[in-house]
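Q: The residues making up each chain are set out below.
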Amino acid sequence: MALIFILVSACASKKHHVTHQASSATIDNETQFMVDIKNNQIGFIFEQQADIKSNRGTPLMYSGDAGVVGLVLQVATHAAVVNAMEDGTTLSIDKDVDIKLMPTLNRMSAKTLFSDLINTQGFTLKKDDEFITVQDRQNTLLIEMQPMFYASSNYKELRLQVATSLYSSNDLSQSVYKNMIEVHGYTKIALDNSEDEIANAIESSMKELVNEATALALEDAQSKLPRLTKAKTYAYSSAQGPQYSRAYYASGACNRYVIRNLRNWIISIPATKMISPKTASTCISAL
Amino acid sequence: MNKFIGSLIAILFAITMTGCAVTPKQPIAMDQAFLSNNEKVIGVIVTPLPEMDMAYPGASCLLCYGTAAAMNSSLSSHADTISLEELEQVKHELISSLSSKGHKALLIEEEIVVKELASFSAKNEQTSDKDFSKLASKHNVSHLLVVDITFAGFVRDYSSYVPVSEPRAQISGTASVIDGSTNAYLWYLPLNIQKNADGEWDEPDLDFPGLTDAFYQAIESTKTAIKEPVI
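Going down the list, the protein sequences come from chains A and B.
Letter by letter, the first sequence follows residues 1 to 287 in our numbering.
Letter by letter, the second sequence follows residues 1 to 231 in our numbering.
Check each hint, because a few of them may be wrong.
[As the list claims (entries may be wrong)] Restricting the straight-line Cα-Cα distance to at most 35 angstroms, the calculated cross-link-like pairs of lysine-lysine (DSBU-like) are:
| no. | chain 1 | residue 1 | chain 2 | residue 2 |
| --- | --- | --- | --- | --- |
| 1 | B | Lys130 | B | Lys227 |
| 2 | A | Lys230 | B | Lys130 |
| 3 | B | Lys130 | A | Lys278 |
| 4 | A | Lys156 | B | Lys130 |
| 5 | A | Lys278 | B | Lys227 |
| 6 | B | Lys101 | A | Lys230 |
| 7 | B | Lys134 | A | Lys232 |
[As the list claims (entries may be wrong)] Residues from chain A that face chain B, not an exhaustive set, calculated with beta carbons under 10 angstroms:
| no. | residue |
| --- | --- |
| 8 | Ser168 |
| 9 | Tyr186 |
| 10 | Ser237 |
| 11 | Pro242 |
| 12 | Ala247 |
| 13 | Asn264 |
| 14 | Pro277 |
These aren't lab readings, by the way, just hints derived from the structure by calculation.
Even glycine gets a Cβ: it sits at the ideal position worked out from N, Cα and C.
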């Protein structure tokens, strides 16, 4: 009897659900742009977003607290992807990627150097085998960057994720700041643009993202991006459908939201992409 | 005699298991006639939300469950700190959406536990097996929009003692629109929203940022799934 009772209880406590699995409204592929650090060149790798996500467990989601192991993992994977890029083995083009842009991107890849994207007024580029580094003109600070670009399949939206470390020029053995900076943006391209116009628009947008990421890293290192509100869920649009991020509001500029997620990463999103909250950020008093 | 008792137990076990294996109710698409008719009065009910919980499917023996619970104790403690207040807000958002569409909607604040409602002899899958008519009558509404969340928390699959998946955020339950006079479903949506941590999940020192973020994503996806057919 006891056995029957246990079985019946177990059955009765079973919850009546399980059928519907929600998924993102629109699945679009993101294109990943790797920066080939050895040659200071921008390479293009076409991968599905799902494949990119599966990599996020270790190297790409670099955390400020990841320490040396996290850094080494990231470098190892980065190197593996770069090697594959050199072999030409990972250029698998998804059918949804607009292949009309391929020749343009390949040309751009051949002519654009990552150093072209850096604002040379403030910094000079240095590089070694593993990192892009820039040095400020006063020679007091060294910024080490591992950039990764993602683009929507129509290349109208760009996103940069860059693992950033800052070193004092006096002591290069230990970073004074480490964090992941993510900047979202648009490109101003139209399909009736010429190849050169498209390439220039993408390059110009990449330049904006790199320089904003650098500026945000410097601000964050100077503690100018504090947690200004309690954590809330920020919703913003992307080519993959609505994205949600639990984060703290960090800075007010009317055209952009700068938020700090639960990993402490800094994320900058154009106000025009924000679904909620809709309040523009400088309007800090309103938050 | 012992053989007879053994057979009886085996039969009862088989009957019990068959009962457990009943096919879950299938989703019913929103009745568009319901949405286009503004003459009705809709009562919105969000049943009391469950406590944040942990589930270990596959850890089926008592000792396996205990082992799984011990193995995930820090995540379980963290889950207890997460508030479901933002999920509860869906009731106000539903009232606001319905009102903006010209419907008469009112929030029923009474604590309703669906499984404790009187049974109703449902003639088909399109009708609830619980009697909502008295509730509708009591609150003077013609229809009820019922959100019944039965699980909110983190789930990790096990094979006896061994974890076979990383933990994920999950919110389960149902959302439905019921005709207050007939108990017929005009909409029925089983919910089982699951989100994985983006990146590393096992970061107890940082309060599990990946899984916490995933859980809040699950809240937003749940709210969207509930509101979308109504908007």
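Q: Would you mind marking each hint as holding or not holding in the structure?
A: Verification of the hints:
1. B:Lys130 - B:Lys227: holds (23 angstroms)
2. A:Lys230 - B:Lys130: Roughly 41 angstroms separates the two Cα atoms, so the pair is violated.
3. B:Lys130 - A:Lys278: Given pair lysine 130 (chain B), lysine 278 (chain A) is violated - Cα atoms ~41 angstroms apart, limit 35 angstroms.
4. A:Lys156 - B:Lys130: Judged against 35 angstroms, a Cα distance of about 51 angstroms means the pair is violated.
5. A:Lys278 - B:Lys227: holds (19 angstroms)
6. B:Lys101 - A:Lys230: holds (32 angstroms)
7. B:Lys134 - A:Lys232: violated (39 angstroms)
8. Ser168: violated (26 angstroms)
9. Tyr186: violated (23 angstroms)
10. Ser237: violated (13 angstroms)
11. Pro242: Status holds, d = 8 angstroms.
12. Ala247: Interface hint status for alanine 247 (chain A): holds (9 angstroms vs cutoff 10 angstroms).
13. Asn264: holds (8 angstroms)
14. Pro277: violated (13 angstroms)
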